[in-house]
Amino acid sequence: MSTHASHKKRSGLMDWLTTVDHKKIGILYLIAGGFFFIIGGLEAMFMRIQLFKPENDFVAAETFNQLLTMHGTTMIFFAAMPLIFAFMNAVVPLQIGARDVAFPFVNALGFWLFFFGGVLLNLSWLLGGAPDAGWTAYAPLSTTSEGSGVDFYVLGLQISGAGTLVGGINFLVTIINMRAPGMTFMRMPLFTWTAFVTSGLILFAFPPLTIGLFMLMFERVFDANFFNPDNGGNILIWEHIFWIFGHPEVYILILPSFGAISEVVATFSRKRLFGYSAMVFATVLIGFLGFMVWVHHMFTVGLGPVANSIFAVATMAIAVPTGVKIFNWLFTMWGGKIVFSTAMLWAVGFIPTFVMGGVTGVMLAIPSADYQFHDSYFVVAHFHYVIVGGVILGLFAGLYYWYPRMFNRVLNETLGKIHFWTFFIGFHLTFFPQHFLGLMGMPRRVFTYLSGQDLDQLNFISTIGAFLMAIGTIVLFINVIISTSKKYAPSSDPWHGRTLEWAIPYPTPEYNFAQTPLVRGLDAFWVEKAAGNKGMTPAEPVGDIHMPNPSILPLIMSIGLFVAAFGLIYDTMTVVVIGMAITFISMFFRSVIDDHGFHIHKEEVEEDLKGVKL
Amino acid sequence: MADHNNTETNIHRNEALQRKLAFKEERKHHNVSFIMMILLTLVAFYAIWSDKVADSFAVLFILVLAVVQVFFQLYIWMHLSHKGHDFPLWGMFSGILIAAITVVGIAGMIWTS
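Note that the protein sequences, when read in sequence, are chains A and B. Here the first sequence is numbered in UniProt numbering, starting from 1 and rising by one per residue. Here the second sequence is numbered in UniProt numbering, starting from 1 and rising by one per residue.
Hints are computed from structural coordinates only; laboratory data are not their basis. Computed from a prediction, not measured in an experiment: that's the story for all the values here. Even glycine gets a Cβ: it sits at the ideal position worked out from N, Cα and C. There could be a bad hint or two in this list.
As the list claims (entries may be wrong) - Selected chain B positions facing chain A (Cβ under 10 Å, derived; list incomplete):
| no. | residue |
| --- | --- |
| 1 | 11 |
| 2 | 43 |
| 3 | 46 |
| 4 | 54 |
| 5 | 64 |
| 6 | 77 |
| 7 | 79 |
| 8 | 80 |
| 9 | 89 |
| 10 | 94 |
| 11 | 99 |
| 12 | 105 |
| 13 | 106 |
As the list claims (entries may be wrong) - SDA-like, lysine to any residue: derived pairs with alpha carbons at most 20 Å apart:
| no. | chain 1 | residue 1 | chain 2 | residue 2 |
| --- | --- | --- | --- | --- |
| 14 | A | 271 | A | 177 |
| 15 | B | 83 | A | 184 |
| 16 | B | 24 | B | 35 |
| 17 | A | 534 | A | 506 |
| 18 | A | 53 | A | 452 |
| 19 | B | 83 | A | 177 |
| 20 | A | 486 | A | 452 |
| 21 | B | 83 | A | 173 |
| 22 | B | 83 | A | 338 |
| 23 | B | 83 | A | 506 |
| 24 | A | 487 | A | 409 |
| 25 | A | 271 | A | 452 |
| 26 | A | 271 | A | 361 |
| 27 | A | 271 | A | 331 |
| 28 | B | 20 | B | 38 |
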């Protein structure tokens, strides 16, 4: 029984800064990820404007290098990653019938570490120039880069990487330990499955990045020689370590999108997902193979035919489980009663687009052909087809699908469809011509090109497409703003959902489930609806609900590391000591102060249950 | 009634006996592994100290001994063989597998060429 009185409600800004509620942290991730998505998008627009005609002088060559580096880094680490964590936070605990993640405090810490890492990196624009060695930061370009741009890159990624790592561990523990009674592994919704595999990949892929960044930091700040051949180092060490992280990273990004697509396709086809167990197996297999293929990024390095062949075959093998997924989505739709809502449009647009990215992926996996494609716009087209056409389309599908659950509002469907068509057409207009630009010999990461090489027209088309994508994104933001009006209040189950997150009344209570639900099959909510039940069967009586206390410490810990990073960048040891002291003192407080949380009393829960409208 | 009570005590006695036997078995494992671990350490030390093992083989040799020690540590002392350790085992072995691939891959491609 609780000895604590019900907690005092915090309001406004303080509530958001101290929250440990997975639903609010999900919203924070979404807002921060959306913000960095805009920044990364602006950087892309500047590059496209620079390239819209030959020998343009919109930006200088040095600025272009910074733009391409920051665009890649921002989009991967500070837009796609947090958007994935946004949906994992908002949805996974609800889908498995849990009241929160396993470690709510650590969850908040993960968010604030990511956020301050992103802020640190982007401050480099204002503090003497952004990093300019590419998002891959290959040595010796990164180790010899002038100014402190690359230092911002190293420390920004280091801080946010720590946040991602604790977030991944948190979700592993949550999914293993906090499933509701009856929610066996093979009854978990596919989005939860992909979140689980993604968290496993984070656990194993981020430590190599941490190590690589430490080596790069020592090289730059303390003059180490890991990558310096003059003193016995080897520049290839960085490339290996980076891609041992980097390849699993792209599967970390794509798998939750696959999960979201699986939910959307099943829901709007009014059918259960075709080949559920094959989908689970394919997800795990993709995760496993993701660690065996990193050398396909390094075919032209000269590792020899044996290494290249092994990794080429392993890479092509990944096409098999991915193909299984594509066919399962098609078979789910086959014979279904398809509703083309906005979310479904994104999902349907995703399938052919991702297949095109996959096909160019297999082309790039052939080492002999890769010698032609390498470092050309063909590669740029390929990875934008899989990351925008795969990850981002999947995330947009998830956004329109889960927005009612996250914000208790629906997005306008007409504006949503305008968003879809402008963005989708704009996307193909931008990146389809880039395949041919690459085959015609246009190198990537070069700030301009000469006229008379047949590159003018396709580049011009590509830039027009980029503007269409920007218009689509603006429509999305208008839609989000409009959704805040009262008119857009949804029912608790606007899409006739199949999984547990739609069994919760609207608006979502702080404790998620008044009574932990009993899960009686795959698509738990659908099973109950098919049996004629109004809601889930409870697995426990109404009782006091234990909740974690909010805390400001995650924010302060992250600020400490943020301050220490500035000390390292500007070589001022006192600032490093002050920053680390802030972090360690907050860790000390977290360790010695007993925080038992509080209880929401039975009477309050019963009061809430009376007012429930389903 | 008396008979029923009797059976119940018998069952209890039986269970207690089994637990005792299991405990004894485990103690035996502990003793054996303790002695083995000391021996393995001595062998490793002797292999290097005596110069009887060729240098090129010595590194591999003591690494193998170390791996054996790790298994003793995990299974005998940290009770990984007991029930309920499925997920830690999965996590550890996939981690070891990935780390091994990484190390072998990089070593093979950088330090042999």
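Quiz item: For the hint on residue 106 of chain B, does the least C-beta distance to chain A fall short of 10 Å?
Solution: 5 Å, holds
Self-check item: Given hint residue 452 of chain A paired with residue 486 of chain A - CA-CA distance at most 20 Å
Solution: 56 Å, violated
Quiz item: If you take the shortest Cβ to Cβ gap from residue 11 of chain B to chain A, is it below 10 Å?
Solution: At about 30 Å, which exceeds the 10 Å cut-off, the nearest Cβ of chain A leaves the hint on residue 11 of chain B violated.
Quiz item: Can the restraint linking residue 83 of chain B and residue 506 of chain A be considered satisfied, given a maximum Cα separation of 20 Å?
Solution: 41 Å, violated
Quiz item: Taking only the CA atoms, is the gap from residue 271 of chain A to residue 361 of chain A under or equal to 20 Å?
Solution: Violated - the C-alpha atoms of residue 361 of chain A and residue 271 of chain A are around 31 Å apart, more than 20 Å.
Exercise. Would you mind confirming whether the straight-line C-alpha gap from residue 271 of chain A to residue 177 of chain A stays at or under 20 Å?
Key: Roughly 29 Å between the alpha carbons, so the hint for residue 271 of chain A and residue 177 of chain A is violated.
Self-check item: Closest C-beta approach of residue 46 of chain B to chain A relative to 10 Å, hint status
Solution: 33 Å, violated
Exercise. Classify the hint on residue 105 of chain B as holds or violated, based on whether any CB of chain A lies nearer than 10 Å to its CB.
Key: 7 Å, holds
Exercise. Let me know if the C-beta of residue 94 of chain B comes in closer than 10 Å to any C-beta of chain A, holds or violated.
Key: Status holds, d = 7 Å.
Quiz item: Straight-line Cα separation of residue 20 of chain B and residue 38 of chain B no greater than 20 Å?
Solution: Cα-Cα ~27 Å, so violated.
Quiz prompt | Closest C-beta approach of residue 54 of chain B to chain A relative to 10 Å, hint status | solution = 26 Å, violated
Quiz prompt | Hint consistency between residue 271 of chain A and residue 331 of chain A [alpha-carbon to alpha-carbon, up to 20 Å] | solution = This hinted pair holds, its Cα atoms lying about 10 Å apart.
Taken one by one, the earlier hints fail for this structure at numbers 1, 2, 3, 4, 5, 6, 7, 8, 9, 14, 20, 22, 23, 25, 26, 28, listed in ascending order.
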